[in-house]
Amino acid sequence: MRFAAFTWYDLVLLAQGLGVSLGLFLVTSLLGLALGTLWAVIRYYRVPGLTPLVAFVAELLKNSPVLVQLFLVFFGFPAFFKLNVTPVEAAVITLTGNTAAFIYVIAVAAIDSIGRDQIEAARVFGLTRWQVLRRVIAPQAAAFAIGPLIGLLVNQLQVTSLISVIGVLDLTKIGAILNLRTLKPFIVWTAVGLLYYLAAKLVARIGWRLERRLSRYSAWRGL
Amino acid sequence: MKPVSIYAEPEKRVLFDPSILMAHLSFLAAGALLTAQACVLALTGSLVVGAGVAIARTSASAGLRKAAAVYVDVFRNVPFIVQLFFFYYGLPEIGIYIDAFTTGVVALSIAGGAFASDVIRSGILAIDPGIIEAAEVSGLSKRIIFTKIVLPVALRTSIRPLGSVLINLILTSSILSTITLNELTGSAKIVAADTFRPFEVYAALLVVYAAFTYAVSIAITLLHRRQNRYLGGKVT
Amino acid sequence: MIQVEKVGKKFGAVTVLDGVDLTVQPGEVVSILGASGSGKSTLIRCINGLEKLDAGRITVDEFDVSNPKQLAEARKRSGTVFQLFNLYPHMTALQNVTLAPIEVLKLPRTHAEEEGRALLASVDLADRADAYPAQLSGGQRQRVGICRALAMKPRYLLLDEVTSALDPEMTAEVLNILAALAKQGTTMLFVTHEIAFARGISDRIVFLDKGKLVVDLPTDRFFAPDGGLANPRIAQFLSKMRPHRPEGN
Chain A
1 MRFAAFTWYD
11 LVLLAQGLGV
21 SLGLFLVTSL
31 LGLALGTLWA
41 VIRYYRVPGL
51 TPLVAFVAEL
61 LKNSPVLVQL
71 FLVFFGFPAF
81 FKLNVTPVEA
91 AVITLTGNTA
101 AFIYVIAVAA
111 IDSIGRDQIE
121 AARVFGLTRW
131 QVLRRVIAPQ
141 AAAFAIGPLI
151 GLLVNQLQVT
161 SLISVIGVLD
171 LTKIGAILNL
181 RTLKPFIVWT
191 AVGLLYYLAA
201 KLVARIGWRL
211 ERRLSRYSAW
221 RGL
Chain B
224 MKPVSIYAEP
234 EKRVLFDPSI
244 LMAHLSFLAA
254 GALLTAQACV
264 LALTGSLVVG
274 AGVAIARTSA
284 SAGLRKAAAV
294 YVDVFRNVPF
304 IVQLFFFYYG
314 LPEIGIYIDA
324 FTTGVVALSI
334 AGGAFASDVI
344 RSGILAIDPG
354 IIEAAEVSGL
364 SKRIIFTKIV
374 LPVALRTSIR
384 PLGSVLINLI
394 LTSSILSTIT
404 LNELTGSAKI
414 VAADTFRPFE
424 VYAALLVVYA
434 AFTYAVSIAI
444 TLLHRRQNRY
454 LGGKVT
Chain C
460 MIQVEKVGKK
470 FGAVTVLDGV
480 DLTVQPGEVV
490 SILGASGSGK
500 STLIRCINGL
510 EKLDAGRITV
520 DEFDVSNPKQ
530 LAEARKRSGT
540 VFQLFNLYPH
550 MTALQNVTLA
560 PIEVLKLPRT
570 HAEEEGRALL
580 ASVDLADRAD
590 AYPAQLSGGQ
600 RQRVGICRAL
610 AMKPRYLLLD
620 EVTSALDPEM
630 TAEVLNILAA
640 LAKQGTTMLF
650 VTHEIAFARG
660 ISDRIVFLDK
670 GKLVVDLPTD
680 RFFAPDGGLA
690 NPRIAQFLSK
700 MRPHRPEGN
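For the protein sequence lines, the chains are A, B and C, in the order given. Its first residue numbered 1, the first sequence is counted upward by one per residue in the working numbering. Its first residue numbered 224, the second sequence is counted upward by one per residue in the working numbering. Its first residue numbered 460, the third sequence is counted upward by one per residue in the working numbering.
Calculated directly from the structure, the hints in this document are not laboratory data. Worth double-checking, as some hints may not be accurate.
[Stated by the list, open to error] Each computed BS3-like pair below joins lysine-lysine, with the alpha-carbon atoms no more than 27 Å apart:
#1 C:Lys469 <-> C:Lys528
#2 C:Lys528 <-> C:Lys465
#3 C:Lys612 <-> C:Lys699
#4 A:Lys201 <-> B:Lys365
#5 A:Lys201 <-> A:Lys62
#6 C:Lys535 <-> C:Lys565
#7 C:Lys669 <-> C:Lys465
#8 C:Lys511 <-> C:Lys528
#9 C:Lys642 <-> C:Lys511
#10 C:Lys469 <-> C:Lys671
#11 C:Lys535 <-> C:Lys642
#12 C:Lys669 <-> C:Lys612
#13 B:Lys371 <-> C:Lys642
#14 C:Lys511 <-> C:Lys535
#15 C:Lys612 <-> C:Lys511
#16 C:Lys671 <-> C:Lys465
#17 C:Lys642 <-> B:Lys365
#18 B:Lys289 <-> B:Lys365
#19 B:Lys365 <-> C:Lys699
#20 B:Lys371 <-> C:Lys465
#21 C:Lys642 <-> C:Lys469
#22 C:Lys671 <-> B:Lys365
#23 C:Lys642 <-> C:Lys669
#24 C:Lys612 <-> B:Lys371
#25 C:Lys669 <-> B:Lys371
#26 B:Lys365 <-> C:Lys565
#27 C:Lys699 <-> C:Lys671
#28 C:Lys642 <-> C:Lys612
#29 C:Lys511 <-> C:Lys699
#30 C:Lys612 <-> C:Lys528
#31 C:Lys528 <-> B:Lys365
#32 C:Lys511 <-> B:Lys371
#33 C:Lys465 <-> C:Lys511
[As the list claims (entries may be wrong)] Short derived list, chain C residues pointing at chain B, Cβ under 8 Å:
#34 Leu509
#35 Pro527
#36 Gln529
#37 Ala531
#38 Lys535
#39 Phe541
#40 Asn545
Computed from a predicted structure; not experimentally measured. Glycine included, C-beta positions come from ideal geometry on N, C-alpha and C.
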């Protein structure tokens with residue numbers, strides 16, 4: 001007799017899958033945020049050689065499908081670099097790079113939004129470049145970027161679903177397993193979709209809370 | 224599951240040899256054609272669905288507005304692959320048997336329609352109300368006003384963001400490879416397996432997609448300039 | 460005949476029209492004068508159905524504009540020319556003019572285009588028939604607007620401050636066309652700030668102040684010291700307007 005019916009344990013499986021998805025989302029978002037901001041800073045300082053490279057890589061990653069990027073890392077890197085890459089490793093590398101590319105664009109726009117006059121004034125007052133970055137640019141850029149950032153993060157959460165294709169046991173993969181076992185696609189995929197939906201809403205809500213807290217510090221926005 | 228290295232003769236491997244792709248070019252081209260076909264159809268579908276939903280979202284009926292808002296919310300916050308699997312595995316259960324290509328196009332249209340409706344709605348809201356008033360007092364019916372004035376003007380001003388929707392569709396279409404459709408990504412997977420050279424294949428694929436979307440964005444900019452020459456004088 | 464009976468209109472707490480009565484017979488040229496905010500434009504917008512009445516009744520040739528079923532008929536009988544032109548930006552001048560005749564009057568396209576070109580020629584725009592609004596000057600756009608309204612062969616022409624957005628040179632262009640139309644016997648209801656022009660071509664002048672109709676007099680009576688000018692509000696209003704004619708005329 002095929003054990004095809006739903007069990008309570010399936011809820012545990014879904015929860016585990018959701019946990020994997022969210023975990024990878026958080027890790028890659030933070031790493032991508034750091035990497036993308038670094039790239040934007042490289043562009044800001046006009047580092048020779050690196051600036052065009054960074055711009056090129058970001059364009060490439062932004063304008064190509066994430067699935068292909070995943071395949072490149074998971075299938076291509078072992079062949080080329082002769083090292084074994086686990087599905088999770090491949091997922092982390094790919095999603096970090098992809099997120100970083102979009103963060104780069106947002107960060108560049110945010111930094112550019114700050115008037116040169118402010119930066120000049122700060123330099124004239126004797127602040128070093130690093131201090132200018134940390135004290136003048138970063139807070140304002142963050143306030144500017146938070147809106148697009150929330151939209152990006154919600155999108156990247158959806159993108160994590162693709163790692164199921166290379167075998168990571170995320171929420172989508174669990175859904176595929178359950179689908180195959182119970183042969184009840186409507187129930188399975190609706191449940192999976194609902195979980196992703198709720199997770200996306202959660203991310204958006206946290207993001208907007210953060211935005212409100214940040215904008216409290218930019219008092220002049222109220223004028 | 225760790226992938227085991229299948230390269231038994233490391234000394235015979237050439238470091239980076241894209242030329243192996245040449246033999247499979249026609250096969251890949253067929254895949255690219257399939258991608259193009261799916262995207263064109265899906266774009267049309269997205270525009271139709273998007274226009275319909277945009278109308279619903281700006282309609283006088285509160286029920287219609289709510290339904291449309293829910294649709295957009297759901298399809299923007301659920302991953303595309305989940306939507307795709309929902310249709311691909313679910314439709315046969317209720318007796319609808321359609322092939323992978325059609326399923327893919329339908330799923331892309333529904334998802335793309337959610338994004339397109341946002342764009343078209345902004346375009347509709349940005350129309351000078353005076354123009355609508357002039358049309359109304361001329362005695363034109365609501366249907367004519369919508370099809371001959373509102374939609375054409377809204378679409379013309381929305382060309383840039385609709386271009387983004389198209390680019391998004393092109394990239395998302397790669398996911399169709401997971402339902403056995405041999406579009407560009409699906410074909411590339413087969414070629415990669417045949418040639419044992421996944422790195423070259425996928426790296427080339429990456430560049431091809433990026434080049435393609437770049438070409439599309441240039442075409443969109445040109446189209447925008449051409450259409451908006453007559454609309455407002457200011458060409459951005 | 461346009462019949463306006465005890466019309467009232469409020470925007471929120473503000474009363475914009477209060478108990479206005481007006482009758483316009485076919486062939487008459489009536490100008491509505493008044494300060495900004497006196498309700499002049501709102502009155503026109505009530506007549507062509509763009510604003511709903513809060514009180515009173517407006518009929519155009521016996522068709523009640525408050526009745527949705529009769530509004531379409533009422534609108535067929537009137538044409539409106541707008542202050543900001545409101546031309547369809549994605550259509551050529553000719554297409555702007557012919558859209559309504561084709562869709563509403565169901566004229567065949569060639570017929571409508573012939574008449575459209577004739578209309579555009581009569582306002583000196585024959586060579587610009589295939590230009591888009593963005594390529595036309597303000598005065599040219601308003602002339603297209605006039606043709607667009609005339610293309611429906613309306614009984615009554617409603618004109619809402621049609622020269623307020625134009626510079627003096629273009630204003631003169633448009634006023635000349637309107638004067639010619641008035642001479643031909645077109646029934647016109649103007650809202651305008653061009654006092655001299657109104658005086659020149661109107662049969663009657665109506666003065667609105669804060670939503671109330673103050674006077675409704677034949678033109679000579681309006682400008683007579685013992686007629687309209689006897690009213691302090693009107694005298695004050697006219698004295699504040701720029702003189703369009705040199706003193707002594």
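Consistency of the hints with the structure:
1. C:Lys469 <-> C:Lys528: holds (24 Å)
2. C:Lys528 <-> C:Lys465: holds (22 Å)
3. C:Lys612 <-> C:Lys699: violated (37 Å)
4. A:Lys201 <-> B:Lys365: violated (37 Å)
5. A:Lys201 <-> A:Lys62: OK: Lys201 (chain A) and Lys62 (chain A) at ~24 Å, within 27 Å.
6. C:Lys535 <-> C:Lys565: Given pair Lys535 (chain C), Lys565 (chain C) holds - Cα atoms ~13 Å apart, limit 27 Å.
7. C:Lys669 <-> C:Lys465: holds (15 Å)
8. C:Lys511 <-> C:Lys528: Satisfied, since the Cα-Cα distance of roughly 14 Å is no more than 27 Å.
9. C:Lys642 <-> C:Lys511: Outside the cut-off at roughly 33 Å; violated.
10. C:Lys469 <-> C:Lys671: Holds, because 13 Å separates the two Cα atoms, which is no more than 27 Å.
11. C:Lys535 <-> C:Lys642: holds (23 Å)
12. C:Lys669 <-> C:Lys612: At roughly 33 Å apart (the allowed maximum being 27 Å), Lys612 (chain C) and Lys669 (chain C) break the hint.
13. B:Lys371 <-> C:Lys642: Not satisfied, since the Cα-Cα distance of roughly 35 Å exceeds 27 Å.
14. C:Lys511 <-> C:Lys535: Cα-Cα ~18 Å, so holds.
15. C:Lys612 <-> C:Lys511: Holds, at roughly 25 Å.
16. C:Lys671 <-> C:Lys465: holds (10 Å)
17. C:Lys642 <-> B:Lys365: Violated: Lys642 (chain C) and Lys365 (chain B) sit about 35 Å apart, past 27 Å.
18. B:Lys289 <-> B:Lys365: Measuring from Cα to Cα gives roughly 22 Å; hence the hint holds.
19. B:Lys365 <-> C:Lys699: Given pair Lys365 (chain B), Lys699 (chain C) is violated - Cα atoms ~43 Å apart, limit 27 Å.
20. B:Lys371 <-> C:Lys465: Violated, at roughly 37 Å.
21. C:Lys642 <-> C:Lys469: Judged against 27 Å, a Cα distance of about 36 Å means the pair is violated.
22. C:Lys671 <-> B:Lys365: violated (34 Å)
23. C:Lys642 <-> C:Lys669: violated (32 Å)
24. C:Lys612 <-> B:Lys371: holds (22 Å)
25. C:Lys669 <-> B:Lys371: Given pair Lys669 (chain C), Lys371 (chain B) is violated - Cα atoms ~39 Å apart, limit 27 Å.
26. B:Lys365 <-> C:Lys565: At roughly 16 Å apart (the allowed maximum being 27 Å), Lys565 (chain C) and Lys365 (chain B) satisfy the hint.
27. C:Lys699 <-> C:Lys671: It holds: about 20 Å lies between the C-alpha atoms, which stays within 27 Å.
28. C:Lys642 <-> C:Lys612: holds (16 Å)
29. C:Lys511 <-> C:Lys699: Violated, because 32 Å separates the two Cα atoms, which is more than 27 Å.
30. C:Lys612 <-> C:Lys528: OK: Lys612 (chain C) and Lys528 (chain C) at ~21 Å, within 27 Å.
31. C:Lys528 <-> B:Lys365: holds (14 Å)
32. C:Lys511 <-> B:Lys371: holds (25 Å)
33. C:Lys465 <-> C:Lys511: Holds, because 14 Å separates the two Cα atoms, which is no more than 27 Å.
34. Leu509: holds (5 Å)
35. Pro527: Violated: closest Cβ of chain B sits about 12 Å from Pro527 (chain C), beyond 8 Å.
36. Gln529: Gln529 (chain C) check fails; min Cβ-Cβ to chain B is 12 Å, beyond 8 Å.
37. Ala531: holds (6 Å)
38. Lys535: holds (5 Å)
39. Phe541: Check passed: Cβ of Phe541 (chain C) comes within 6 Å of chain B, closer than 8 Å.
40. Asn545: With Cβ-Cβ at 4 Å, under 8 Å, it holds.
Of the numbered hints stated above, those contradicted by the structure are hints 3, 4, 9, 12, 13, 17, 19, 20, 21, 22, 23, 25, 29, 35, 36, listed in ascending order.
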